[in-house]
Amino acid sequence: MVIDKLFEKACSEWVIYSEYELKEKDGVEYLTPAADSENGIYNPLDKAEDLVVSVLNMGWLLCREGLTKHERDMLLVHFAQNYGLLGFMTVLPLNANFMEQDKVYFWPHSLYGASEVTSREYVDFFLPFGIKAGQPKEFTLPPALLTGRALEFGYVFSRNYAEKTEWIVKFFREFYLHFAACKAYERSENPALKSACADTVSGFMEYGLGFRMSMEDKPT
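Numbered according to my numbering, the sequence shown spans residues 13 to 232.
The set of hints was computed from the structure by calculation and includes no laboratory data. Just so it is clear, the structure is predicted and the values come from calculations on it, not from any experiment. It is possible that part of the hints are untrue.
[Claimed, not checked] Within a straight-line C-alpha distance of at most 30 Å, the following computed BS3-like cross-link-like pairs (lysine-lysine) qualify:
1. Lys144 x Lys206
2. Lys206 x Lys35
3. Lys115 x Lys144
4. Lys195 x Lys59
5. Lys182 x Lys195
6. Lys206 x Lys115
7. Lys81 x Lys206
8. Lys144 x Lys182
9. Lys35 x Lys176
10. Lys37 x Lys115
11. Lys35 x Lys59
12. Lys37 x Lys195
13. Lys182 x Lys115
14. Lys182 x Lys206
Required output: the full structure, derived from the provided sequences and hints.
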């Protein structure tokens, strides 16, 4: 894929855990690593095609009528155990390195639902269960994994990090519907249908791929 060439020098490793679970707090459901799960590292770019296909399949399945909550839960957990969580904490803010600043700022109509919050409030939002009981006391990820990354990745890669299932489902559905509208627009010769597809595509709210550009001491 072209993306392999674009990001071949990227620091793109991602953390994945052996087990994920759904937990609820104050009426909000989250997907999060299990406290006693084992962590591992993989590079999403090594299986970029599989990842994109899996996201589209997830979106298609989550758009189906009659999908039970149990079936939905199994889909979410299975995806996380294959690819990890989505990393919303790192891609929603407008300001990079927000951990070094007092406030976090967001695009209008952001998933977070506010224009700004304090950095502490924002971090706590993704750590609704605090330090989970029963987890290993030491954070066993290699320091090199966080080298060159913003400080918030330390939270995103921890067992205590959690993402709202409502957001995850919304992401998958919108990703699939955007793709389906693009394909329908290409194939249709019906002006009304093409116009409807164009409206769907123009209304797509992408969440971005978070990355930073920096120069090495000896760039190649």
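30 Å Cα cutoff - pair lysine 35, lysine 176: holds (10 Å)
Practice task
Would you check the hint for lysine 182 and lysine 206, treating anything up to 30 Å between C-alpha atoms as holding?
Solution key: The hint holds at about 24 Å.
Notebook entry, point to check: Hey, lysine 206 versus lysine 35, does the alpha-carbon distance stay inside 30 Å?
Noted result: Violated, because 42 Å separates the two Cα atoms, which is more than 30 Å.
Are the Cα atoms of lysine 37 and lysine 195 separated by 30 Å or less?
-> violated (39 Å)
Discussion item. Hinted pair, alpha-carbon criterion (30 Å max): lysine 37, lysine 115. Please report holds or violated.
Written reply: Holds, because 25 Å separates the two Cα atoms, which is no more than 30 Å.
Verify the proposed pairing of lysine 81 with lysine 206, using a straight-line Cα cut of 30 Å.
violated (34 Å)
Next on the checklist: Can you confirm whether the C-alpha distance between lysine 144 and lysine 182 stays at or below 30 Å?
Outcome noted: holds (27 Å)
Next pair to validate is lysine 144 with lysine 206; report whether the Cα-Cα distance is within 30 Å.
violated (50 Å)
**Message:** Run the distance test for lysine 115 versus lysine 144: straight-line Cα separation, threshold 30 Å.
**Reply:** Measuring from Cα to Cα gives roughly 26 Å; hence the hint holds.
Within a Cα-Cα threshold of 30 Å, do lysine 182 and lysine 195 meet the stated pairing?
holds (20 Å)
- Between lysine 195 and lysine 59, is the straight-line Cα distance small enough, at 30 Å or below? Distance of about 23 Å is within 30 Å: holds.
Next on the checklist: Does lysine 59 sit within 30 Å of lysine 35, going by the straight-line distance between their CA atoms?
Outcome noted: holds (29 Å)
The earlier numbered hints that this structure contradicts are 1, 2, 6, 7 and 12.
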